[in-house]
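Undergrad: Using the hints provided, position chain Z relative to the given structure of chain S.
These protein sequence lines are chains S and Z, in that order. For the first sequence, the residue numbers in this note's numbering are 1047 to 1396. For the second sequence, the residue numbers in this note's numbering are 1047 to 1396.
Check the hints yourself; a few may be wrong.
[As the list claims (entries may be wrong)] Simulated coverage check for chain S against chain Z, where a stretch passes if three residues somewhere in it have a Cβ under 8 Å from a Cβ of chain Z: (1) 1122-1135; (2) 1156-1167; (3) 1189-1199; (4) 1213-1224; (5) 1287-1295; (6) 1324-1337.
Hints listed in this document are in silico derivations from the structure and should not be mistaken for laboratory results. Idealized CB from N, CA, C, for every residue including glycine.
Single-letter residue listing:
2 protein chains.
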Amino acid sequence: MSTKRVPYTNLKSFIESAMVALKLPQNHAATVAEYMASADLQGSDGHGVIRLPQYTRRILAGGVNTSPNITIESERAATALINGDNGMGHVVMKFATELAIRKAKSSGMAWVGSRLSNHAGPASLYSRMALDHDMVGLYFAVGNANHLPAWGGLDMLLSTNPISVAVPTHKETPIVLDMATTVAAYGKVKAKAQKGEMMPEGWMIDFNGQPLLDPKRSEEGFLLPIGGYKGYGLSLIVGILAGTLNNAAMGRAVIDFNHDDSSVTNTGQAIAIIDPAAFGDTQAFKDRVDQLIGELKASKKMPGVERIWLPGEQSALKCVDYTRNGIPISEGLETQLNKVSEQLNIARLF
Amino acid sequence: MSTKRVPYTNLKSFIESAMVALKLPQNHAATVAEYMASADLQGSDGHGVIRLPQYTRRILAGGVNTSPNITIESERAATALINGDNGMGHVVMKFATELAIRKAKSSGMAWVGSRLSNHAGPASLYSRMALDHDMVGLYFAVGNANHLPAWGGLDMLLSTNPISVAVPTHKETPIVLDMATTVAAYGKVKAKAQKGEMMPEGWMIDFNGQPLLDPKRSEEGFLLPIGGYKGYGLSLIVGILAGTLNNAAMGRAVIDFNHDDSSVTNTGQAIAIIDPAAFGDTQAFKDRVDQLIGELKASKKMPGVERIWLPGEQSALKCVDYTRNGIPISEGLETQLNKVSEQLNIARLF
Chain S
1047 MSTKRVPYTN LKSFIESAMV ALKLPQNHAA TVAEYMASAD LQGSDGHGVI RLPQYTRRIL
1107 AGGVNTSPNI TIESERAATA LINGDNGMGH VVMKFATELA IRKAKSSGMA WVGSRLSNHA
1167 GPASLYSRMA LDHDMVGLYF AVGNANHLPA WGGLDMLLST NPISVAVPTH KETPIVLDMA
1227 TTVAAYGKVK AKAQKGEMMP EGWMIDFNGQ PLLDPKRSEE GFLLPIGGYK GYGLSLIVGI
1287 LAGTLNNAAM GRAVIDFNHD DSSVTNTGQA IAIIDPAAFG DTQAFKDRVD QLIGELKASK
1347 KMPGVERIWL PGEQSALKCV DYTRNGIPIS EGLETQLNKV SEQLNIARLF
Chain Z
1047 MSTKRVPYTN LKSFIESAMV ALKLPQNHAA TVAEYMASAD LQGSDGHGVI RLPQYTRRIL
1107 AGGVNTSPNI TIESERAATA LINGDNGMGH VVMKFATELA IRKAKSSGMA WVGSRLSNHA
1167 GPASLYSRMA LDHDMVGLYF AVGNANHLPA WGGLDMLLST NPISVAVPTH KETPIVLDMA
1227 TTVAAYGKVK AKAQKGEMMP EGWMIDFNGQ PLLDPKRSEE GFLLPIGGYK GYGLSLIVGI
1287 LAGTLNNAAM GRAVIDFNHD DSSVTNTGQA IAIIDPAAFG DTQAFKDRVD QLIGELKASK
1347 KMPGVERIWL PGEQSALKCV DYTRNGIPIS EGLETQLNKV SEQLNIARLF
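Chain S extracted, bound-state conformation (with noise of 0.2 Å):
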């Protein structure tokens, strides 16, 4: 199958038109279309431009508020909780992050919450957004569908819930951690099924505890957590703090957007954010993140490793790829999108 390369403008119109096309108003299209096409821009390839069609299927489904009222539902000094109104998750989430920016400002933190929000890409978008104003961003949601029992069970009441950690720096690479409490996020699952390849073992078993390799069997087994049941203690702690406290979806009541177009998700999310600037001289923070970063680096290497990575840096160099030659589109993600197109009587992305 070939893959062609798209330049980030061009998508992130194409993903503009479509969300104008389903009567997001034009702030929201924009805010939808940037961050989807980050996602892509930051090889966050299961997150992107992948979920257009599902995204279009909810929406003409009447699953998500195209106009939201976002409303602040309670407030103090370090924290909010944010009334989503249904709309779409990454206008909530931003909403969300610029009001944790300013308090973190003012307070030295900042932890808002938000409810009635829908899924929102990747989790390091809105960590990243800390970046630019030399603060650290730590980001929690609960996954939009269930793929992991409590340790030792079989039913589905637990999600992927990934964190998303970003940390600032001077000259290196910003540290951006971004992971799935899962081995694999759900996401990646769908984006083998895409591409037609297998899963390697560890991803997920079957409900007789078998391995599960074939992506499109996805369906007959569950998700395994990092480190047994660690990995599950983890994935609940994050969907209380995402969901439970925010009164959003967790366990029983989410909702499976992979079957259900029309259901309110009721997603939770939460961004923290941290600013350096509380706890001391921000630039030398900064320096002394270049510092370990240097050590880390650094460091002997066991036989037949090249290089330490840092999390974030295999998605900044993709970033640089991507922006210079393009974001890839495989052929079977193109099929996909040239429907939408027809469906919305949209210009095609090619």
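TA: Chain Z only, in chain S's frame:
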């Protein structure tokens, strides 16, 4: 080897006598004793009285300031940086956590970091302090010896850097996650050595990548992070949040306190407290957590699994057992504690 049981109050008094003999002020000695004995009471046997011989050695070597002047170096509405003046970590983190709880009551949440602190026992001691106030506690720390390389590296630049999160409930046992970002905590390796047992495969590997099973040979290899590169990323992030942000030791600057009794460790920790009342009704939140726990416990089980456990439940059961029947002290540990008694000229534990 025989294992005796000792009542909590006896263990606490014994530790307190030791700390007074080591010239800690009475109130500091009482705090250290209470926190160390509480660690044993909750089954954190790698972080309780087992550490007394080492603490004694370090204090006698001048590595800890027995009369610290603990101060707030910088402060905003939701943040503070504590200078521990090289005091015992338990005393420093009690100060930090109490401050964070006060700040969270007004600001909705608070994040308090420490520098010039020391080893403070198990992470959950501090996250748990939030529970008495119906709040959520999150604790992060830099471990006091590097046992982990960068992913693909061989130089020991990272520690087991633990995470603990405590979540209040209504009728159910509170959820208390307390985990090293490695498959096993180093305290568990020490406890295995103490008991004369072998480690299971997967805890450590040697420098050639082969499984290391003998805890007495732990210097010949390193701990494995959970989820491979994900655990490496988590350990790094926890270290940055608890260490680098606070201008505490991280990376090469971490003192291996197993081999160095006199250098100032400049240990860094961080405690974050979230007040659920800032996000809605606290009682309703606790009921939602109860409901989630109920869903998880009622889950269909894997063949051979008798019960679904929540994080903190096994610890809570141990606490009930040890409160009623006393805290187990192995023969090996008893011998070591008797040596401390002689050294400090205090009454024996048994």
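Undergrad: Determine for every hint whether it applies to the structure shown.
TA: Now the hints, each set against the structure:
1. 1122-1135: holds (count 5)
2. 1156-1167: holds (count 3)
3. 1189-1199: holds (count 5)
4. 1213-1224: The restraint on the segment 1213-1224 of chain S holds, since 3 of its residues have a Cβ under 8 Å from chain Z and three suffice.
5. 1287-1295: Per the Cβ count (5), the hint holds.
6. 1324-1337: holds (count 8)
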